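K.L.:
What follows is the residue order along each chain.
Number of protein chains: 2
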Amino acid sequence: MTRHATLDGLGAFVHEEIPTAEIDRLEELHAPLVAAVRDLVDVTIRTRVDEAEVRRVTAEVEALTGRLGLDALDGAAGVHYNSEGRSWNWGNAAVGVRNPVAPPLTISHDDDGVTRGVARLGTPYEGPPGLVHGGASALLLDHLMGETASMRHSQVTFTGTLTMRYLAPLPLGEVRLAGRIERQEGRKVLVTAEISGPAGRAIEAEGVFIVPRWAVRDGAEPT
Amino acid sequence: MTRHATLDGLGAFVHEEIPTAEIDRLEELHAPLVAAVRDLVDVTIRTRVDEAEVRRVTAEVEALTGRLGLDALDGAAGVHYNSEGRSWNWGNAAVGVRNPVAPPLTISHDDDGVTRGVARLGTPYEGPPGLVHGGASALLLDHLMGETASMRHSQVTFTGTLTMRYLAPLPLGEVRLAGRIERQEGRKVLVTAEISGPAGRAIEAEGVFIVPRWAVRDGAEPT
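So the sequences go chain by chain: A and B. The opening residue of the first sequence carries number 1 in this note's numbering; numbering runs sequentially from there. The opening residue of the second sequence carries number 1 in this note's numbering; numbering runs sequentially from there.
The shape of chain A in the complex, shown without the other chains (with noise of 0.2 angstroms):
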C-alpha cells in the first residue's frame, strides 16, 4: 500500500508501510551484491585479461543482468519513508546503499552540530592521476551540505547555490567530510563544510539552502 506525495517540482516520496525492521533486512541481504558490483565496476577498469575471456565476462555479465530483471521496479528507486519515520533512498547518487555508482557516503548528525560523513573513494572516482575527481568531491560536498542544511531531515530545503574552493590534491583513498550551519536567515540557510584527505582540507564550500515557502513551519519567520 503506497501513498504518493508530490512537491514542488520534486517527483513523489513514497509512503511505504514496510516495518523498519524488514528494510534493515533488505539492505542487508542486498548489501553483499552491491559490494560484489562495485569490486566489479572497479577491475572493469583495470583488467588486462585477453580479448576472448573480455568478451566471455561480457556475455556473463549480461546473463546476470537478465535474472536479476526478472523481477525489478520499473524505473529509478526514488525516496520511500515509513510511520516509524525510517526513510530509504537505495537509489541515491551519494548516499544509496544499493547504489553501486554511490561509493556511499555515510553521513552522521553529532552532538556537537556537526553533520560528518566518511567515504572511501577508489579507482573509479579517479579524476588527475591518482587523486580523487574535483567533481566526485563536490557530488559528496552537495550532498552532505544538503542533509546538514536538512537538520536530520527535520526541515525540507533546496541547494540554492554552492561555491567551492578547491585548496589542494586529493588524493584516492579514504576522504572524511564535515560541515555545519553558520546561520539561518527567515528562509535561507547558510552551511559550510569541507572535505579532507590525510593530509588535510582539500576543498572548502559554502552554500545557500532555501526552505520553500510552503514547507515554512509556525513560529518561524520566512523573509
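Quick caveat, the hints were computed from the structure, so don't treat them as lab data. Keep in mind that this is a model prediction, so the values were computed, not measured. Worth double-checking, as some hints may not be accurate.
Copies of one chain are not kept apart here, so a pair can be met inside one copy or by any two copies together.
[Claimed, not checked] Capping the alpha-carbon separation at 20 angstroms, the derived lysine to any residue pairs in SDA-like fashion look like this:
# : residue 1 : residue 2
1 : Lys188    : Ser154
2 : Lys188    : Ile210
3 : Lys188    : Met151
4 : Lys188    : Glu84
5 : Lys188    : Ala63
6 : Lys188    : Thr163
7 : Lys188    : Gly113
8 : Lys188    : Glu17
9 : Lys188    : Arg213
Position chain B relative to chain A; hints supplied.
P.N.:
This is chain B only, laid out in the frame that chain A set:
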C-alpha cells in the same frame, strides 16, 4: 615502455608508446563489457528477485570479478598519452570510457568556441525522487568546465573556485552541458557553463581556473 612525469602535487601522467589504432581497438573491445556492467549497476538498484537468487547472483558476480582480476593494473587507471597526441584516461569519474561509474560524459569542442557535453543520467544518478542528484550535475559541470579552461588540452589548468546556482529541477534522462571561456587574465581563466534538461537550464555555473606558474608558456604574461 613507459615514462613517468610527475607534476606539481599530482600523480603521474604516463607516456606510453601504444599506437593510437591499438588504443582505439582496446576501447572498442571493452565498450560492451563496460555497457554490460552499467546495466548490472542499474538493475542492482531496482531488482526484487528473491533472497536465494540474490545470493546466487552475488556469488557469480564475485567469480567474474576474480576472472577479470587475474591480470589487471595495480591501482587506478591514471592518465596516459602517446607521441601521436592521443591521450586516454579510462578510469576518469566523468568521462572514463572504461569506468561504469562515469555516465560517461561525451565532450565536443565546437568551432563556435563552446565546449558541449551530453550524458544519459539514469537510475544510478538519482537525488530527489525522479531527479538528477545536484551533486551529479556538479560532477559533470566541474569536468566540462575544466576541459573548457584547458582549451582542447593546450594549457594546463587547476580548478580555483566553482560556483553553482541551482535554478530548476533536472529530471533523470538526457542532459546537455555547454561551457565557454568568458575571459583570461594572466594565469586566471574565467569559465561559465550550464546544464540543461528538456525543460531548459537547471544549473548555471561559474569557475575560476588557474594556469600553474610552471606551465606558463613563452609570450604569456603571468600576473
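K.L.:
Can you give me the call for Lys188 and Met151, within, between, both or neither, at a CA distance of at most 20 angstroms?
P.N.:
within (13 angstroms within a copy, 37 angstroms between copies)
K.L.:
Go through the copies and call it for Lys188 and Thr163: within, between, both or neither, with a Cα cutoff of 20 angstroms.
P.N.:
both (15 angstroms within a copy, 17 angstroms between copies)
K.L.:
Cα distance capped at 20 angstroms. Does Lys188 pair with Glu17 within a copy, between copies, both, or neither?
P.N.:
neither (33 angstroms within a copy, 54 angstroms between copies)
K.L.:
When no copy is specified for Lys188 and Glu84, does a C-alpha distance of 20 angstroms or less occur within a copy, between copies, both, or neither?
P.N.:
neither (29 angstroms within a copy, 52 angstroms between copies)
K.L.:
Taking 20 angstroms as the upper bound on the Cα-Cα distance, should Lys188 and Ile210 be classified as within, between, both, or neither?
P.N.:
Result: close within a single copy only, 5 angstroms intra versus 31 angstroms inter.
K.L.:
Using 20 angstroms as the alpha carbon limit, work out where Lys188 and Ser154 are close: within a copy, between copies, both or neither.
P.N.:
Within. Shortest intra-copy distance 15 angstroms satisfies the 20 angstroms Cα cut-off; inter-copy 41 angstroms does not.
K.L.:
20 angstroms Cα cut-off: does Lys188 pair with Arg213 within a copy, between copies, both or neither?
P.N.:
Answer is within; shortest intra-copy Cα gap is 11 angstroms, inter-copy 39 angstroms.
K.L.:
Quick one: Lys188 to Gly113, C-alpha cut-off 20 angstroms, is that within a copy, between copies, both, or neither?
P.N.:
within (18 angstroms within a copy, 37 angstroms between copies)
K.L.:
Within, between, both or neither: how does the pair Lys188, Ala63 come out at a Cα-Cα threshold of 20 angstroms?
P.N.:
Result: close neither inside a copy nor across copies, 49 angstroms intra and 50 angstroms inter.
Consistency note: the structure conflicts with the earlier hints numbered 4, 5 and 8.
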